[in-house]
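Q: Each chain, written out:
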Amino acid sequence: MPISDFQVVIGLEVHAQLLTASKIFCGCSTAFGGAPNAHTCPVCLGLPGALPALNRSVVEMAVRTGLALGCEIRPKSVFARKNYFYPDLPKGYQISQYELPICEGGEVTFTLDGRDHTARLVRIHMEEDAGKNVHDVSADGSSGVDLNRAGVPLVEIVSRPDLRSAEEAVEYLKALRAILMALGVNDGNMQEGSLRCDANVSVMRKGASELGTRCEIKNMNSFRFLKQAIEFEARRQVELIEAGEPVVQETRLFDPDRGETRSMRSKEEAHDYRYFPEPDLPPVIVEAALVERLRAALPELPRAKAERYQRSLGLSAQDAGNLVADAAVSAWFDAALAAYGAGPEAAKKVANWVIGELARLANETGEAPATWKLTPARLAAVLRLIDAGTIGGPGAKQVVEEVFRTGAEPDAVVKAKGLAQVSDEGAIEAAVDKVLAANPGEVEKYRGGRKNLVGFFVGQVMKEMRGKGNPAVVNALLRRKLGD
Amino acid sequence: MALSLEEVRRIAELARLRLSEEEERTFAGQLSAILDHVRQLEELDVTAVEPMTHALAAGELPALREDAVRASLPPEEATAAAPAREGTAFKVPRIIE
Amino acid sequence: MSTPAKELCRLGLREAGAGVAAKAISSSELVEASLARIQATDGKLGAFLAVSADRARAAAKAADARAARGERRSELDGVPVAVKDIFVTKGVPTTAGSRILEGYLPPYDATVVERLEAAGAVIVGKLNMDEFAMGSSNENSAYRPCHNPWDLSRTPGGSSGGSAASVAAGQVHASLGTDTGGSIREPAAFCGVVGVKPTYGRVSRYGVVAFASSLDQVGPLAREVGDAALVLRTIAGHDPRDMTSSTRPVDDYLGPLEEGARGLRVGVPREWLSGGLDAGVEAAIRAALDTYRRLGATLVDVSLPHSKYGIGAYYLIAPAEASSNLARYDGVRFGLRAEGAKGLKEMYAESRERGLGAEPKRRIMLGTYALSSGYYDAYYLRAQKVRTLIRRDFDEAFRSCDVIAGPVTPSVAFRLGERTGDPLQMYLADIFTITCNLAALPGLSVPCGLEAGSGLPVGLQLVGRPFDEATLFRAARALERELGPLPAPPEP
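Chains as they are written, first to last, in the working numbering: chain X, 4 to 487; chain F, 1082 to 1178; chain D, 2 to 493.
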């Protein structure tokens, strides 16, 4: 039976680090990096006698996340201890939420192949991150433990098994990521692990009503790996079933080098987490007034923004979707458009630059839009230079790249690099004459009907003018001289 | 109720306690006696009773901590009491994942 | 100064503090007297696990300098006290009575230690205790036994055994203990001193090595009710580092202290005096109740029908929380690590095997079992529901009385070694103190005389409404004033 006879069923558990200044239960910084254990104190080290003190911003960010995803906000939620031993877990338990999470229900809508899909959520809860185990810290093969991450605040967003393909899972995660970033509660950085995803994957024969045995896949720190991991895992499970072997419920680690999932040895032992309500933390009370205040202050969310871009700016669904995937990018787009002009034509121009050249440059440097040296006002200035015919397409690209890297003013770059277009007919005519004189054979062929040779002539003229000839004028002059 | 030796071993494993055989036997007996005593709680009908999981005064809103960074311990101090260190990391036997 | 050291040591806390303020005695003299007395008596008594003489002398000098300038931080400025070794003290060994913390130097101070020192009190050392506060006799200390100053062959009680013994023997003027199921009140009763377990949330637990988080509470021990009230007033109040500490203001305990018992409605739970008590203890309790009547109080018959379930509920909840609280003793960041363990799991198991004593192991086992998959509802959850029933009993009783009175313990101090073989029997002796912790209410033990025959102290327990420690102090003081002070115990 081929794989196409099976249906893959996926639920995602997404851990998002909240963008607070301090940790969830102590005043230590959440900053990434630093010497091992440089961001620790008695609380996050789990020293005898230390007690947790809940960060107000964590509660508010969790509530805002819940509101943006249409969840019910529990007026009274409870932290619980999840007990297990591991070196990166200093207290021997993780403070999480279990029976009474802060948010329940809700959904994430995403678009795939032009069609809207919705995955329902089970819950969102608050918890603390664990520390980091560092392997092979010394010659004897010992491991090291760095607790800088221990106590960094997370929300875990758990979906129902509503996703039916790796592509759906990817689009779900993209949509969720965009929302979290628009809310300003998460930076969306999967590489550094501030947005992490585990997938519960099972397969069942098409038409069957009962879900198959699921495996939990960990360690997918990019959209590409998520897709690869799910596809591999689904294939693995189908092959097992085809071979008459059972799928064993287990935790599996994705190995990005091999594109495979494998059983995790450290998780082999059956877990019994012995959850119980955390006695050191009173129940979290979220009053209706707080919920309403936070609801009123929610920003425009990505789907609404994308719709607005299409409706009032006339952008294509794809362009709009691209822009809103990163709230920082769409905010930059809004500012650049405001600095440049209004209406669909201006919007299309700005969008093309943002989605094309700027995305490429930002990808190279890894800089966030807010820190780009190419400010919205500078892009607007570049566009105005194009409109005025001062620079052409290739010149504009050079200007943008230079401004992006150095922060110089666009007109200064045009001057310094001599990128201004030559529109002066005399100068262009001289170049055209020179090219035609140097290529009598091609001129003959052209006049004999090989009209596509015009491209060759344009290229030669531009070369002669070191790329600065105004293409429209060059074209017009060439055609005139060639007798068209 | 009698706790079997096997159960005692399972619990010890969960709690990361190594027990001698003698301890296993002693605990099996003692824990069984305590659990027998505890069984008297079963006399009570508690279906409609809320658990008292937190001992706080009713109606008091706990004060949350404002999100402000406070100085951490210097890493040397944070790890000063560790039985083994590598730099300022806690050193442990090799972890296999 | 002509007052002999021994007499200085018998001064009450407020008396000593007033002497320093009046420059009649110096803090240094008090501290030297305290250190000398510890030196002379502690070999037999075993109340201390660590004495920090240098730190204490420096603090005393600072207090004397303040007195010379006419400054006074509080009524206990310059007075030597000691704290149970369960409170973490920056740079001073803190063991919680366990081998697993041998030599551990914490990088911070417990809130109550900070508050005592901010008030000028001089902490001379750390007091002996049952390992991780698990015990009722101090026999579970991993380091040394502690003895009852009234009879060295007997237990001082536990788990705050050192806290009670040192105050009773005049080594310090007051001490701090912790009480999870009776660990302040029982040793206070056995040693003939005043011991207070405040309302849950009244005192910060930050920096208190945790045993059972929803039950643990810090409290004072002293030879006089007013002294205990002063110490509680000093350490009580909200601490942002402990979210379970209450934000409500701390009452004035000393103002109404001398108001007497007239008009007080004293509830006497019928379940507490209906058998199970040693005759000598019962006689002393009944005599104390008569005294209250004589002083103008009304005795009210009340019922706490769920009292008998207290032990069962407690010995599920406390071990469950303890099993989790003690998971951090894993040999990674502090404390004992078994050397040479091959793998991670072996390191955990060997470190805990070697570092933890039988009682913590027993309770970890019990608590792990009670929380484990399939048993949670039947054990832990049910116990927490029973806790609600126990609290309701008290709420109901307090509709007709202002304070509840009864025994602290079924017997006077028992002999060392007498009960170590049978943990359940040891646990059952907590019957009168445990419900107060489960219900999160304040409780106090005040001496009410010596048992006829043995000549050993008997404690009367008073339990109050939530946060009504003031009434407890007032009621206890009325009895204390009427009965007069206990004689000093014999010289060790």
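These aren't lab readings, by the way, just hints derived from the structure by calculation.
Every residue gets a Cβ at the ideal spot worked out from N, C-alpha and C, and that includes glycine.
Take these hints with a grain of salt, some might be off.
To be verified - Using 25 Å as the maximum straight-line C-alpha spacing, the simulated SDA-like pairs for lysine to any residue come out as follows:
id	chain 1	residue 1	chain 2	residue 2
1	X	Lys454	X	Met468
2	D	Lys346	F	Ala1114
3	D	Lys346	F	Asp1148
4	D	Lys346	F	Leu1145
5	D	Lys346	F	Arg1166
6	X	Lys437	X	Glu412
7	D	Lys91	F	Arg1091
8	X	Lys135	X	Glu110
9	X	Lys352	X	Ala423
Unchecked claim - Beyond 12 Å from chain F on every Cβ pair, some chain D residues (computed):
id	residue
10	His239
11	Pro241
12	Glu354
Q: Taking the numbered hints from earlier one at a time, note which ones the structure violates and give those numbers from smallest to largest.
A: Hint check: 2, 3, 4, 6, 7, 8, 10, 11, 12 fail, others pass.
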